[in-house]
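Q: Listed here are the chains, written in short residue letters.
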Amino acid sequence: MLSFDDIWQQYYTKLRVYGRSFSRLSEDDIEDAVQDIMITVHRRLTDYDPTWAFSTWIYRIARNRFIDFQRKNQRRNLFSIAPIPDFIKNIECSHDETAKIDRDSDLARALNHLSDTRREIFFWFYGEDMSIAEISAVTGMSQGTVKSHLHRGRRILAAELEEDYG
Amino acid sequence: MDKKVQLENRLRAYYRRELKSEAPPLPDFPAKQKLDRKKNPASRQSTTGKSIAEVIIAAAAGLVMIFGMSMSSSKIPHYWSQNAYEIMIEPGGLYKRVDTLMDRAADVWRSRIPEKE
Chain B
35 MLSFDDIWQQ
45 YYTKLRVYGR
55 SFSRLSEDDI
65 EDAVQDIMIT
75 VHRRLTDYDP
85 TWAFSTWIYR
95 IARNRFIDFQ
105 RKNQRRNLFS
115 IAPIPDFIKN
125 IECSHDETAK
135 IDRDSDLARA
145 LNHLSDTRRE
155 IFFWFYGEDM
165 SIAEISAVTG
175 MSQGTVKSHL
185 HRGRRILAAE
195 LEEDYG
Chain Y
325 MDKKVQLENR
335 LRAYYRRELK
345 SEAPPLPDFP
355 AKQKLDRKKN
365 PASRQSTTGK
375 SIAEVIIAAA
385 AGLVMIFGMS
395 MSSSKIPHYW
405 SQNAYEIMIE
415 PGGLYKRVDT
425 LMDRAADVWR
435 SRIPEKE
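Residue numbers (this note's numbering), protein chains in the order written: chain B, 35 to 200; chain Y, 325 to 441.
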């Protein structure tokens, strides 16, 4: 069983990157939500059933919390413009990796054209190497729906990236 | 290479870099410290900085000391031991003690009112 400090080390950054799937959350909102998720995990660690994958358990908590935060934000910012996602700005700049960064920012821009749900699924599938079954357990969607989101998301990305390169 | 595979590789590399880009801070946010204290009640803090457990133990020790001293020493009047016994052992002892004090205060107050001739 993981200790809380291990969970913090292992999941803090993952949760922050995952939080960027939610288009209406700023970096500050994501930071607040991650702290909140960690408090919930700390409080409910004894309730965790080891028959489930730990990542499934923690991402279920995280998903609900991010959705709550987004809902609260929507009410608060009902008449304001949605914040621009910060993750494009946060890509580190170094002269050696300029080409790579350009490609990353193209991809980040293309990912912005996906819905929040698709971005979540993309993060879990490509960032976390989670299986379709695990993603289905976290989201409550059928495995067919998850596959379809992946397929359509890839088509949108390919179209956006081709457009960028002319 | 197949375009789909190319895109998939690019996505994996992108997320890998994103996940490496920031190191987690130390888990010492105030809410966690509060939760740690809740999980270990013996370390809960009172507003004076003493733990609540320490304050309770000190108060109980004080009562036991008064009780013990009054039983062993003739210099301390017997009613101190009686009071300590009532407060510690008897059900509703503290209430009885306050009640007795109120009666005594009423007697003193009555005795100070000059009687009508």
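FYI, nobody ran anything at the bench for these hints, they're computed from the structure.
Ideal Cβ placement from N, Cα and C applies to all residues, glycine included.
Be a bit skeptical, because a hint or two may be false.
[Stated by the list, open to error] Below, computed lysine to aspartate or glutamate pairings styled on EDC-like, alpha-carbon distance capped at 16 angstroms:
hint : chain 1 : residue 1 : chain 2 : residue 2
1    : Y       : Lys328    : B       : Asp66
2    : B       : Lys106    : B       : Asp39
3    : B       : Lys106    : B       : Asp70
4    : Y       : Lys344    : B       : Asp62
5    : Y       : Lys327    : B       : Glu194
6    : Y       : Lys328    : B       : Glu196
7    : Y       : Lys327    : B       : Asp63
8    : B       : Lys106    : B       : Asp138
9    : B       : Lys106    : B       : Asp62
10   : B       : Lys181    : Y       : Glu332
11   : B       : Lys181    : B       : Asp163
12   : B       : Lys181    : B       : Glu168
13   : Y       : Lys344    : B       : Asp138
[Said to hold, decoys possible] To list a few chain B residues with every Cβ distance to chain Y over 10 angstroms, as calculated:
hint : residue
14   : Trp42
15   : Asp138
16   : Ser170
17   : Arg186
[Said to hold, decoys possible] Which residues of chain B face chain Y? A partial, calculated answer using Cβ under 8 angstroms:
hint : residue
18   : Lys48
19   : Tyr82
20   : Pro84
21   : Phe103
22   : Ser139
23   : Tyr160
24   : Ser165
25   : Ile166
Q: What are the numbers of the hints the structure violates, in ascending order?
A: Of the numbered hints given earlier, those the structure breaks are 1, 2, 4, 7, 8, 14, 15, 19, 20, 21, 22, 24, 25, listed in rising order.
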